[in-house]
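Visitor: Whole structure, please, built from the sequences with the hints as guidance.
Quick note, the sequences are listed as chains A and B, same order.
For the first sequence, this note's numbering gives the first residue as 29, with consecutive numbering after it.
For the second sequence, this note's numbering gives the first residue as 480, with consecutive numbering after it.
None of these hints come from the bench; they were simulated from the model.
With the Cβ distance kept under 7 Å, some of the chain B side facing chain A (calculated, not the full set):
hint, residue
1, Pro-610
2, Arg-613
3, Lys-618
4, Lys-640
5, Ala-645
6, Asp-649
7, Gly-720
Some chain A residues well away from chain B (every beta-carbon gap over 12 Å; in silico):
hint, residue
8, Leu-182
9, Lys-295
10, Pro-316
11, Thr-320
12, Phe-334
13, Val-401
Some chain A residues well away from chain B (every beta-carbon gap over 12 Å; in silico):
hint, residue
14, Glu-35
15, Ser-62
16, Val-64
17, Leu-179
18, Leu-204
19, Lys-275
20, Gly-299
Built from N, CA and C at the ideal position, the CB exists for glycine as well.
These are the residues of each chain, in order.
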Amino acid sequence: MIRIKEETADRWGYLGKKELLSSKPVLAVMVVMSMVAVAAFTVGLDGTFTGYRHVYAVTRQIPWGLLISGYIFCVVTSTGLCLVSSIGHVFGYEPYMPIAKRAVFLSIAFMLGGFSIIFFDVENPFRMPIYNVLSPNLTSNMWWMGTLYGLYLLALGIEYYFLLEQNHGMSRFSGLLGVLFGVAAHSNLGAVFGMLHGREFWYGPYMPIYFIVSAMMSGGAAIIFFTCIAAMINPDILNRRMERAIKAVCQLTIMLIAIIMFFTVWKIISGLVAPEKYIAIKAFITGPYALTFWIAEIGLGMVLPFILLIRSKGVHYKHMFVASAMMMIGIFFMRYNLVLAGQIVPVYHGLHVEEYSSLLKYFPSFHEIAVVVGGVFLAGILFLVGEKILNGHQFQKHEIVPPGAFICPGCGGIHYRKEGETDEEALQRHHRIRKFKG
Amino acid sequence: MKLDKIDLDNLQEEKSSLITGLERRTFLKMGLVISGVFAGGRILAVVSNVSEAFASTTDFVKKYPYKPHYSMVVRQGLCIDCERCMKACKETNEVPDYGYRTRIMKKVVTDAVGRQREFIPILCNHCNEPPCCRGCPTKATYKDKKNGIVMMDSKKCIGCKMCILACPYDARYFNEERHAIDKCNFCYDTRLSKGEKLTACANACPTGARMFGDISDPDNVVFKMVHQIEKQVWVLRPEAGSKPNVFYMKATRSSPWDLRRQADVR
Numbered sequence: 029m030i031r032i033k034e035e036t037a038d039r040w041g042y043l044g045k046k047e048l049l050s051s052k053p054v055l056a057v058m059v060v061m062s063m064v065a066v067a068a069f070t071v072g073l074d075g076t077f078t079g080y081r082h083v084y085a086v087t088r089q090i091p092w093g094l095l096i097s098g099y100i101f102c103v104v105t106s107t108g109l110c111l112v113s114s115i116g117h118v119f120g121y122e123p124y125m126p127i128a129k130r131a132v133f134l135s136i137a138f139m140l141g142g143f144s145i146i147f148f149d150v151e152n153p154f155r156m157p158i159y160n161v162l163s164p165n166l167t168s169n170m171w172w173m174g175t176l177y178g179l180y181l182l183a184l185g186i187e188y189y190f191l192l193e194q195n196h197g198m199s200r201f202s203g204l205l206g207v208l209f210g211v212a213a214h215s216n217l218g219a220v221f222g223m224l225h226g227r228e229f230w231y232g233p234y235m236p237i238y239f240i241v242s243a244m245m246s247g248g249a250a251i252i253f254f255t256c257i258a259a260m261i262n263p264d265i266l267n268r269r270m271e272r273a274i275k276a277v278c279q280l281t282i283m284l285i286a287i288i289m290f291f292t293v294w295k296i297i298s299g300l301v302a303p304e305k306y307i308a309i310k311a312f313i314t315g316p317y318a319l320t321f322w323i324a325e326i327g328l329g330m331v332l333p334f335i336l337l338i339r340s341k342g343v344h345y346k347h348m349f350v351a352s353a354m355m356m357i358g359i360f361f362m363r364y365n366l367v368l369a370g371q372i373v374p375v376y377h378g379l380h381v382e383e384y385s386s387l388l389k390y391f392p393s394f395h396e397i398a399v400v401v402g403g404v405f406l407a408g409i410l411f412l413v414g415e416k417i418l419n420g421h422q423f424q425k426h427e428i429v430p431p432g433a434f435i436c437p438g439c440g441g442i443h444y445r446k447e448g449e450t451d452e453e454a455l456q457r458h459h460r461i462r463k464f465k466g
Numbered sequence: 480m481k482l483d484k485i486d487l488d489n490l491q492e493e494k495s496s497l498i499t500g501l502e503r504r505t506f507l508k509m510g511l512v513i514s515g516v517f518a519g520g521r522i523l524a525v526v527s528n529v530s531e532a533f534a535s536t537t538d539f540v541k542k543y544p545y546k547p548h549y550s551m552v553v554r555q556g557l558c559i560d561c562e563r564c565m566k567a568c569k570e571t572n573e574v575p576d577y578g579y580r581t582r583i584m585k586k587v588v589t590d591a592v593g594r595q596r597e598f599i600p601i602l603c604n605h606c607n608e609p610p611c612c613r614g615c616p617t618k619a620t621y622k623d624k625k626n627g628i629v630m631m632d633s634k635k636c637i638g639c640k641m642c643i644l645a646c647p648y649d650a651r652y653f654n655e656e657r658h659a660i661d662k663c664n665f666c667y668d669t670r671l672s673k674g675e676k677l678t679a680c681a682n683a684c685p686t687g688a689r690m691f692g693d694i695s696d697p698d699n700v701v702f703k704m705v706h707q708i709e710k711q712v713w714v715l716r717p718e719a720g721s722k723p724n725v726f727y728m729k730a731t732r733s734s735p736w737d738l739r740r741q742a743d744v745r
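Guide: Structure below.
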């Protein structure tokens with residue numbers, strides 16, 4: 029067991045294990061989630077030993093299914109959290125700074141969740157680290173993705189350590205490394221798909237760019253979502269700086285949704301004129317996947333949250349919470365659709381042979397669903413644990429308040445109190461912020 | 480710049496008799512290359528030349544990069560769907576029931592005059608630029624440096640299934656017994672390395688629909704089949720740019736290369 033000295037614990041905001049047991053509802057949720065996750069991974073292990081062919085619904089023609097979607101969802105969220113938070117603590121834009129500590133922690137949590145899912149997808153997971161080192165193929169996007177994600181996780185770990193230590197110089201530097209590795213790794217994940225020249229739906233430079241932009245959208249949604257939950261657990265975390273930060277993240281997310289909408293529109297339009305791609309696009313517009321496309325990806329993932337976030341003006345937390353929760357679901361389906369779309373058109377479709385005259389079908393099996401639930405829950409549990417034992421990821425900051433006025437921690441400007449007004453009220457007046465009552 | 484004046488008034492007629500036989504032949508050849516008739520590579524291609532039919536970039540125009548450069552010619556019209564090739568493959572290479580290294584696809588053209596169905600055998604195309612080898616993170620699948628066969632090193636395979644997706648020919652599947660991706664390797668380990676001249680499928684084919692050999696050898700049947708201007712030769716999914724080494728051509732029983740069965744020594 030690692031023992032943390034009292035002085036270090038104070039600096040880190042580390043509250044210890046006792047804090048975990050302090051709130052019964054949170055503890056109950058954690059226990060339930062842990063039980064589900066353990067059960068899910070047991071199911072996954074059963075798959076590993078039984079053989080994936082028997083328990084997973086993937087086939088020779090559709091070898092990548094729900095697990096890859098789940099993995100992508102997790103790493104996309106991780107990269108997004110890292111990128112959005114880096115605007116503040118790496119590139120120095122003040123309003124984004126308060127979200128950094130939670131975002132980097134969540135980024136690591138989601139990365140671990142993603143890795144646990146891919147562990148169950150790869151058929152020989154134990155050979156992976158060995159031959160990744162012994163026999164690297166430098167032309168393979170898969171190799172680069174694995175290697176860069178490894179480095180990314182390392183950089184995130186170092187970054188988080190320095191954030192805890194409140195060594196902002198070093199955390200900034202390792203954060204920059206994290207951003208570089210994150211962008212490289214994540215665009216490479218896009219290239220894994222984008223460089224498959226046998227699969228027309230994915231092929232092209234669009235994929236890496238789309239992955240990076242949608243990662244940031246996903247990160248924005250995740251920050252809002254998890255901050256709202258954190259505020260339900262501990263309302264203290266929604267201090268003025270955080271309120272300011274969430275407003276900024278909300279505005280950025282609105283813009284990123286707009287960009288992804290634009291990407292999606294052009295994906296459809298350009299797909300309609302590409303002969304092979306057209307079949308896959310049609311399956312999503314009017315075919316068997318129309319429901320997951322229009323309702324889940326477009327509705328829940330983009331249009332409804334877009335409207336809700338604009339209406340929330342960055343201060344109505346209930347709107348933002350609902351919007352970000354819908355986005356988390358919508359983005360999951362966005363990944364699922366993307367992975368599936370490239371594979372439903374058989375490779376020999378153009379030959380007009382009987383065997384491959386219709387689109388291929390896939391529906392995830394129980395084992396696959398279990399593993400993805402396990403991976404996502406793992407990230408969720410880590411979030412709850414972090415929230416409790418690390419004091420809501422708040423810095424122990426002592427700010428100097430000049431007489432008669434105070435420096436706004438959000439905007440950095442000097443705010444003056446009206447007569448009979450507290451700091452809190454003055455700030456809320458200055459920034460037009462409404463309290464969130466979870 | 481000064482242009483030479485052409486004396487239009489005293490222009491002499493250029494008689495066709497002045498053109499040499501060699502010039503005529505070169506010109507005709509050019510036409511055949513452009514129209515794609517000369518071992519076309521791509522059916523319906525407007526511009527196609529022999530280098531593309533060889534499924535290779537211009538680097539390989541003059542010579543084939545491997546020796547022997549194993550290749551297969553599938554004479555589509557001769558396949559009768561007897562599935563002896565599939566059976567022979569399964570027996571020779573211990574292919575499990577749930578997988579296959581080669582199979583036969585059926586194409587029905589109801590409005591065709593005369594014969595209305597056609598069988599298309601498919602297998603690993605042993606591409607000159609294999610997308611699977613580029614995609615594999617651990618070099619578990621690689622192109623043999625000597626004979627160009629796309630091989631598997633089973634112990635290195637992590638089972639990420641990248642190569643299955645990268646393959647434009649659906650030639651791969653995960654083999655549980657080997658704990659690795661399995662695919663056709665032109666029977667290299669089971670037959671060719673033991674001195675046999677043919678793959679199991681080509682050996683079993685009763686109609687000679689599958690012809691196997693060394694395309695770099697001008698005396699080989701495969702070379703002779705691909706390098707004839709009367710016949711159209713094509714590859715599957717040329718748009719994938721993988722430069723396959725399995726060629727397809729139409730053939731009937733009256734075709735000049737009509738060999739009912741490919742003998743072991745040829």
